[in-house]
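Trainee: Below are the chains, spelled out letter by letter.
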Amino acid sequence: MCPSPSPTCESLTRSRFSAYGLTPGDREASSLVRAFEIDADLTDAGLWMIARGERSALELYAATPSFRYTRLDLDDEGASGEGAVDGETAVRLAEGWLNQFGAEPDPSLRYRTQGKPILHSVTNHEVLISERERREPRSMIVGTDVNYAFEYDGLPLLGSGAKAKISIHPTSAVSNAYRFARNLDPVGTTTIRSTDELLERFAGSHLFADVTDETARARVDSVRFGWLTLPPTEHMNVLLPAIEVRGSLATEAQTYDFIKYVAAARADEAEEKAKWRLNARPGLLIA
Amino acid sequence: MGTIGVEWVQKYNGLQGNLSNTKAQAEGFYNSLSGTRRFNWGDDLAWDQDFEQLGEGSPSAGTDTTWADDVDFVFFSGHGSPEGFLFGKKLDDAVAKPTEITWGDRQLEWIALDACNVLQRDGVFERWGWPVFGGLHMILSFHTTTGDEPDRGRLLAQYLNAGWTVRQAWIKACQDTEGSDTQWAYLRADAPGTDTYNDHWWGKGTVSSDPDNPTVLYYARGAC
Numbered sequence: 001m002c003p004s005p006s007p008t009c010e011s012l013t014r015s016r017f018s019a020y021g022l023t024p025g026d027r028e029a030s031s032l033v034r035a036f037e038i039d040a041d042l043t044d045a046g047l048w049m050i051a052r053g054e055r056s057a058l059e060l061y062a063a064t065p066s067f068r069y070t071r072l073d074l075d076d077e078g079a080s081g082e083g084a085v086d087g088e089t090a091v092r093l094a095e096g097w098l099n100q101f102g103a104e105p106d107p108s109l110r111y112r113t114q115g116k117p118i119l120h121s122v123t124n125h126e127v128l129i130s131e132r133e134r135r136e137p138r139s140m141i142v143g144t145d146v147n148y149a150f151e152y153d154g155l156p157l158l159g160s161g162a163k164a165k166i167s168i169h170p171t172s173a174v175s176n177a178y179r180f181a182r183n184l185d186p187v188g189t190t191t192i193r194s195t196d197e198l199l200e201r202f203a204g205s206h207l208f209a210d211v212t213d214e215t216a217r218a219r220v221d222s223v224r225f226g227w228l229t230l231p232p233t234e235h236m237n238v239l240l241p242a243i244e245v246r247g248s249l250a251t252e253a254q255t256y257d258f259i260k261y262v263a264a265a266r267a268d269e270a271e272e273k274a275k276w277r278l279n280a281r282p283g284l285l286i287a
Numbered sequence: 288m289g290t291i292g293v294e295w296v297q298k299y300n301g302l303q304g305n306l307s308n309t310k311a312q313a314e315g316f317y318n319s320l321s322g323t324r325r326f327n328w329g330d331d332l333a334w335d336q337d338f339e340q341l342g343e344g345s346p347s348a349g350t351d352t353t354w355a356d357d358v359d360f361v362f363f364s365g366h367g368s369p370e371g372f373l374f375g376k377k378l379d380d381a382v383a384k385p386t387e388i389t390w391g392d393r394q395l396e397w398i399a400l401d402a403c404n405v406l407q408r409d410g411v412f413e414r415w416g417w418p419v420f421g422g423l424h425m426i427l428s429f430h431t432t433t434g435d436e437p438d439r440g441r442l443l444a445q446y447l448n449a450g451w452t453v454r455q456a457w458i459k460a461c462q463d464t465e466g467s468d469t470q471w472a473y474l475r476a477d478a479p480g481t482d483t484y485n486d487h488w489w490g491k492g493t494v495s496s497d498p499d500n501p502t503v504l505y506y507a508r509g510a511c
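Line by line, the protein sequences are chains A and B.
Going by our numbering, the first residue of the first sequence is number 1, and it counts up by one from there.
Going by our numbering, the first residue of the second sequence is number 288, and it counts up by one from there.
Think of the hints as simulated: they come from the structure by calculation, not from any bench.
Glycine included, every Cβ here is placed at the ideal spot set by N, Cα and C.
It is possible that some hints are incorrect.
Derived Cβ-Cβ restraints for the label pairs, each shown as a range [what the hints assert, rightly or not]:
1. A:Arg132 to B:Met288: 46 to 54 angstroms
2. A:Gly204 to B:Asn300: 16 to 24 angstroms
3. B:Asp392 to A:Glu214: 36 to 44 angstroms
4. A:Lys275 to B:Pro346: 25 to 33 angstroms
Going by beta-carbon spacing under 8 angstroms, a handful of chain B positions derived as facing chain A [as the list claims (entries may be wrong)]:
5. Met288
6. Thr290
7. Gln303
8. Gly304
9. Ser307
10. Ser319
11. Thr323
12. Arg324
13. Phe326
14. Leu373
15. Trp489
16. Val503
17. Ala507
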């Protein structure tokens with residue numbers, strides 16, 4: 001299951017890892033709004049505090065020290081007809097934005113934040129236009145997305161709750177950007193399941209409950225060990241060690257891909273509750 | 288006030304692998320969006336024919352005018368592929384295929400197909416092109432594989448309730464719930480006098496008139 005050589009498998013030769021608690025951010029919201037030069041008051045929209053000006057908006061997540069910036073005056077589908085900036089320029093502009101707004105741990109926080117952003121990929125925001133009277137659709141690259149991931153203790157933060165993206169508009173402006181973050185605080189150590197047990201959990205999961213060797217074939221393409229983070233809207237106060245399994249399942253009718261997360265540490269829900277650990281066994285995770 | 292319907296499949300009865308979070312995902316949308324709830328069908332009560340046009344395909348038992356095409360916004364959560372989205376009950380052939388679909392000729396404005404690869408870029412207009420859009424404004428889905436996760440429907444609804452446009456709400460909900468390797472996608476139609484780019488949920492901002500005879504289709508995709 002683990003290709004060799006693989007940092008994932010090397011990681012799993014250890015059975016004990018540091019455990020990390022998570023704390024909500026205490027960054028002053030209004031100072032961030034001022035930094036983005038948004039002329040609007042913050043309003044409470046439940047999961048977010050939103051400052052929405054004429055030109056741009058800032059959403060500050062209530063559950064985590066995460067935020068998203070959106071330009072409201074730029075077209076997302078290439079109406080200006082300008083070409084996208086090249087990847088190198090996009091990365092340079094994105095690094096500048098991160099240095100200004102989100103690369104380094106916030107010194108105002110009492111806790112350590114997750115590590116520095118690591119460049120993950122540069123991707124295109126593409127639009128295809130098909131008009132009735134034209135035979136071939138037109139393709140336009142209307143933005144360049146610079147995507148960042150985070151690692152902590154040499155392990156990746158998996159899932160959607162710890163990442164950053166800066167979208168560069170053809171005008172070179174940052175049209176959209178977010179930084180989804182978690183504040184980490186060491187709380188002891190945790191024992192990790194063996195590789196055999198993890199594979200057993202995955203093979204015994206609900207995914208395969210109704211298929212057999214005669215009716216389906218599963219293929220695993222990649223496995224990563226890391227810390228699972230939930231969406232930035234969701235409270236969690238402990239990092240969840242997990243493996244991420246990507247692959248495909250072929251049945252008689254179809255072949256389709258899957259992404260699954262398997263809990264790498266044993267956890268008893270009652271014990272977790274007694275320790276006031278929120279979301280220690282989320283639906284996303286195969287227990 | 289807008290009307291809402293959801294369908295979801297967790298138990299595929301051996302036709303596909305099972306899923307774990309589609310019920311939570313679809314019902315999160317159903318129970319959070321400000322609107323009138325009309326139908327919520329899951330597992331063996333979710334059928335491909337609920338999305339298909341009567342008289343199209345073989346068998347041609349489509350009933351979309353009673354279900355999918357009789358509300359304003361539908362959310363489907365289950366397996367998918369570029370050829371369609373998949374069900375666990377084989378009444379018809381358990382696949383809702385674009386060749387058997389015309390939406391919006393009765394009511395439907397927006398549909399979220401929360402399933403892998405449905406709006407895969409290559410050949411998207413050949414699969415989900417002109418015949419599908421009979422007044423429908425937009426299809427929200429994915430260019431790539433996506434996770435079996437429980438929160439996206441609720442977050443989509445909450446972004447819509449907060450007044451973001453339909454396409455912005457979808458992109459934000461996908462960014463909140465997927466890693467950067469996943470790519471969101473949408474397909475929308477426009478015609479002279481329509482503006483589906485700026486569509487909002489009913490009661491939350493402008494809503495375009497229906498592009499009954501669309502003259503242009505826009506496909507967009509990007510990293511989550």
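Trainee: Would you mind marking each hint as holding or not holding in the structure?
Mentor: The hints, checked one at a time:
1. Checked against the hint of 46 to 54 angstroms, the pair arginine 132 (chain A) and methionine 288 (chain B) fails, with Cβ atoms roughly 34 angstroms apart.
2. Between glycine 204 (chain A) and asparagine 300 (chain B) the beta carbon distance is about 19 angstroms. The supplied range of 16 to 24 angstroms therefore holds.
3. For the pair aspartate 392 (chain B) and glutamate 214 (chain A), the beta carbons lie near 42 angstroms from each other, so the given range of 36 to 44 angstroms is met.
4. A hinted range of 25 to 33 angstroms is violated for the C-beta pair lysine 275 (chain A) and proline 346 (chain B), which are about 55 angstroms apart.
5. Against a cut-off of 8 angstroms between C-beta atoms, the interface hint on methionine 288 (chain B) is violated, since the closest Cβ of chain A lies about 20 angstroms away.
6. A least Cβ separation of about 23 angstroms between threonine 290 (chain B) and chain A goes past the 8 angstroms threshold, and the interface hint is therefore violated.
7. Given the 8 angstroms rule on beta carbons, the hint for glutamine 303 (chain B) holds: about 6 angstroms separates it from the nearest Cβ of chain A.
8. Because the closest C-beta pair between glycine 304 (chain B) and chain A is about 4 angstroms apart, less than 8 angstroms, the hint holds.
9. A cut of 8 angstroms between beta carbons decides the hint on serine 307 (chain B): the least distance to chain A is about 5 angstroms, and the hint holds.
10. Proximity of serine 319 (chain B) to chain A is violated relative to the hint, the smallest CB-CB distance being about 10 angstroms (cut-off 8 angstroms).
11. A least Cβ separation of about 21 angstroms between threonine 323 (chain B) and chain A goes past the 8 angstroms threshold, and the interface hint is therefore violated.
12. The closest approach between the C-beta of arginine 324 (chain B) and any C-beta of chain A is roughly 20 angstroms, which is over the 8 angstroms cut-off, so the hint fails.
13. Because the smallest distance between the Cβ of phenylalanine 326 (chain B) and any Cβ of chain A comes to about 23 angstroms, over 8 angstroms, the interface hint for this residue is violated.
14. Given hint, leucine 373 (chain B) at the interface with chain A, holds; its Cβ is 6 angstroms from that chain's nearest Cβ, closer than 8 angstroms.
15. A hinted interface residue such as tryptophan 489 (chain B) counts as satisfied when its beta carbon comes closer than 8 angstroms to some beta carbon of chain A; here the least separation is about 18 angstroms, so the hint is violated.
16. With a least beta-carbon distance of about 5 angstroms to chain A, the hint placing valine 503 (chain B) at the interface is held under the 8 angstroms criterion.
17. For alanine 507 (chain B), the suggested interface contact is upheld, since its CB lies about 5 angstroms from the closest CB of chain A, less than 8 angstroms.
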